[in-house]
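Enquirer: Work the whole structure out from these sequences, hints included.
Quick note, the sequences are listed as chains A and B, same order. Residue numbers for the first sequence follow this note's numbering, beginning at 1 and rising by one. Residue numbers for the second sequence follow this note's numbering, beginning at 1 and rising by one.
Be aware that one or more of the hints could be misleading.
[To be verified] Below, simulated DSS-like cross-link-like pairs (lysine-lysine); rule was C-alpha separation at most 25 Å, straight line: (1) Lys100(A) - Lys16(A); (2) Lys66(B) - Lys76(A); (3) Lys76(A) - Lys63(B); (4) Lys75(B) - Lys76(A); (5) Lys92(B) - Lys16(A).
[Unchecked claim] Chain B is nowhere near these chain A residues, computed Cβ spacing over 10 Å in every case: (6) Leu104; (7) Phe110; (8) Glu162.
Honestly, the hints are just simulated from the structure, not real lab data. All C-beta atoms in this analysis are idealised placements derived from N, C-alpha and C, irrespective of residue type, glycine included.
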Amino acid sequence: MGLKSFFIIMAIFYSKDSITAFVFFLILLILGVLCICFKKIFLQRNEYFVFTILFFSIISVILSLGIAMYFPIWHKTNKTLIFILPLLPIALLEYENLEKKYILNKFAFFLRGLVILSLFKELISYGTIFNIQVIKNYEGILFFDTFSGTLILIACGLIIYERLGDRFANKWN
Amino acid sequence: MIDLLINGINTILANLLLNNFIYNYFIASDFFYESDEEKSKEVTINFFYFLILTYILNFISLKFGKEYIRIDEAKYLIGVLNTILVTLFIGKFRKLEGRRIYYGTSIFLINLINPINFENILVSSLNIIIIPLFIYINLIFLCPLFNKLKIESKKALVSYRVIFIITIALISLIFKAFIGWYK
Numbered sequence: 001m002g003l004k005s006f007f008i009i010m011a012i013f014y015s016k017d018s019i020t021a022f023v024f025f026l027i028l029l030i031l032g033v034l035c036i037c038f039k040k041i042f043l044q045r046n047e048y049f050v051f052t053i054l055f056f057s058i059i060s061v062i063l064s065l066g067i068a069m070y071f072p073i074w075h076k077t078n079k080t081l082i083f084i085l086p087l088l089p090i091a092l093l094e095y096e097n098l099e100k101k102y103i104l105n106k107f108a109f110f111l112r113g114l115v116i117l118s119l120f121k122e123l124i125s126y127g128t129i130f131n132i133q134v135i136k137n138y139e140g141i142l143f144f145d146t147f148s149g150t151l152i153l154i155a156c157g158l159i160i161y162e163r164l165g166d167r168f169a170n171k172w173n
Numbered sequence: 001m002i003d004l005l006i007n008g009i010n011t012i013l014a015n016l017l018l019n020n021f022i023y024n025y026f027i028a029s030d031f032f033y034e035s036d037e038e039k040s041k042e043v044t045i046n047f048f049y050f051l052i053l054t055y056i057l058n059f060i061s062l063k064f065g066k067e068y069i070r071i072d073e074a075k076y077l078i079g080v081l082n083t084i085l086v087t088l089f090i091g092k093f094r095k096l097e098g099r100r101i102y103y104g105t106s107i108f109l110i111n112l113i114n115p116i117n118f119e120n121i122l123v124s125s126l127n128i129i130i131i132p133l134f135i136y137i138n139l140i141f142l143c144p145l146f147n148k149l150k151i152e153s154k155k156a157l158v159s160y161r162v163i164f165i166i167t168i169a170l171i172s173l174i175f176k177a178f179i180g181w182y183k
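Expert: So this is what it looks like as structure tokens:
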């Protein structure tokens, strides 16, 4: 499971609305940067695997308890959101032998993709962004809010990535 | 006998239509997309063992700790610990060829999405049988079919993974059409 699979799964479950995606973007950004910067501690296949998973699951429990205290309604609808975090170091294991700069760029690219997808999805299905009406008198294509609609959007995103991803990759290096 | 048959068909239908089965299938097959196609039989059997053992462990730990474990957070932590335990246990008996982490993650995701239902054990335990079966069909029939569809040029027009995602989207759309009928 590389970063691509990880973000496909993220996009399926957590692109319901742009607020959720944005909150998740911030959490993932902080933990991802932490994980990549301390690569020698977190991304060691044999020695620290159990430690890494436990560390990340404890962080996710603390985070979820905090969210449950201050944002109880949001927490009720997004219960599993935080618990997906222990999978992040596993997804990053594929890149353990690569340079930090390259991994950071790739991670940021997929993260941006997740947020753009959720924004586009909300806009196309309800005509809103962050629950603010952008397009007036728009009934919305509710098909894209379902599981199959999201998958088709992901497929479109992957086609764009495969066609234009190389150009971005050249820019990174 | 006929009642039992009808009940069985009902549970399978409920599993396919209502219980997020396609999500599970997608996660598992996305993992298998990256795994070796030639050793499909071994991989499926390993996956089957993983599913059974984690399910039993989760079931026992949650059943006995029902009075003590009341927060969802604790349940998920137990899920993580059980997955690690099973991965370490199976790794000693079967050759996982460096893929134990990926088995663990996909199993954890499946358990996360489909939590154990104490009231209807049959529905939740059906996943154990159906998911490996679907994966086997996927590896035997779908993969070669998609490989034949590839255009023989330097770069295929659309990659195999994209076709696969679109296929699952269409299948789930067809299932969704039957929900009203099923209810």
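Enquirer: Is the nearest CB of chain B more than 10 Å from the CB of leucine 104(A)?
Expert: For leucine 104(A), whose nearest Cβ neighbour in chain B is about 22 Å away, the distance exceeds 10 Å, so it holds.
Enquirer: Within a Cα-Cα threshold of 25 Å, do lysine 76(A) and lysine 63(B) meet the stated pairing?
Expert: It holds: about 23 Å lies between the C-alpha atoms, which stays within 25 Å.
Enquirer: Minimum C-beta separation from glutamate 162(A) to chain B exceeding 10 Å: can you confirm that?
Expert: violated, 6 Å
Enquirer: If you draw a straight line from the CA of lysine 92(B) to the CA of lysine 16(A), is it 25 Å or shorter?
Expert: violated, 41 Å
Enquirer: Between lysine 66(B) and lysine 76(A), does the CA-CA distance stay at or below 25 Å?
Expert: holds, 21 Å
Enquirer: Between lysine 100(A) and lysine 16(A), is the straight-line Cα distance small enough, at 25 Å or below?
Expert: violated, 31 Å
Enquirer: With a cut-off of 25 Å on the C-alpha distance, tell me whether lysine 75(B) and lysine 76(A) pass.
Expert: holds, 16 Å
Enquirer: Taking the shortest Cβ-to-Cβ distance between phenylalanine 110(A) and chain B, state whether it exceeds 10 Å.
Expert: holds, 15 Å
In this structure, the earlier hints numbered 1, 5 and 8 are contradicted, and the remaining ones agree with it.
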